[in-house]
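Numbering (my numbering), first residue to last: 81 to 252.
The hints are simulated quantities; they were obtained by calculation from the structure and are not laboratory data.
Please note that the accuracy of each hint is not assured.
Unchecked claim - Here are the in silico distance ranges between beta carbons for each label pair:
(1) Phe240 / Ile190: 34 to 44 Å
(2) Ile215 / Ile166: 12 to 22 Å
(3) Ser203 / Ala231: 35 to 45 Å
(4) Phe171 / Ile224: 38 to 48 Å
(5) Thr239 / Ile172: 27 to 37 Å
(6) Leu150 / Ile172: 28 to 38 Å
(7) Ile190 / Ala231: 34 to 44 Å
(8) Ile166 / Asn121: 33 to 43 Å
(9) Val90 / Leu165: 13 to 23 Å
Virtual Cβ for every residue (Gly too), placed ideally from N, Cα, C.
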Amino acid sequence: YFNFSQAGLVGRFIAVFIGLFLQELFSGPSPDDLQIPAWANLVSYTILYATPFIVAYGFLSIVGQRERMLPYMVVNNWSSFFVTLIIVAIFIFQLLATVGFFIIVILTIIVFWRTARLILGFSVPQTIIFFVATIMAVLIAAMISVNIMFAAAGIDPSTFLDMQQQTQPSGV
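Could you build the full structure based on these sequences and the hints that come with them?
Next up, the structure:
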């Protein structure tokens, strides 16, 4: 299923669905007070999933290389799938949070850099700008997603954080 044709584009969704299933399977329980409806999770996943592709499409449009979008989508989804497998392994083998986080950050930077350089054909300065723009866009998308989930759950985020801090044992 890994090729740059239309079949590869359709086949890439296998990686997306398996990755989402694994994330849901191994995600920790949400706090008792936070009941998020399924539609809010779906909207949040969609926003976070689409954001890097929107940034890539914008950059490819600027440099006149829109035909590279399909290969980028295929490579991005399959690399995300393998990163998800590594995240699941980190969770299963209970690596220290800092070690696991460090592995994910380094792996993500390497995959992102190689994808931008080889698949998108960006120069080094273009790759750096693309990386920063994508990170900023994903952070904004994450903030929007969190707000959607809190609004769907009917909870004020600041009140929720206050309640979480009150339930923490002292000294933490």
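Okay, the hints, checked on the actual structure:
no., hint, verdict
1, Phe240 / Ile190: 34 to 44 Å, "35 Å, holds"
2, Ile215 / Ile166: 12 to 22 Å, "19 Å, holds"
3, Ser203 / Ala231: 35 to 45 Å, "41 Å, holds"
4, Phe171 / Ile224: 38 to 48 Å, "26 Å, violated"
5, Thr239 / Ile172: 27 to 37 Å, "34 Å, holds"
6, Leu150 / Ile172: 28 to 38 Å, "34 Å, holds"
7, Ile190 / Ala231: 34 to 44 Å, "36 Å, holds"
8, Ile166 / Asn121: 33 to 43 Å, "23 Å, violated"
9, Val90 / Leu165: 13 to 23 Å, "21 Å, holds"
Violated hints for the displayed structure, listed by number in ascending order: 4 and 8.
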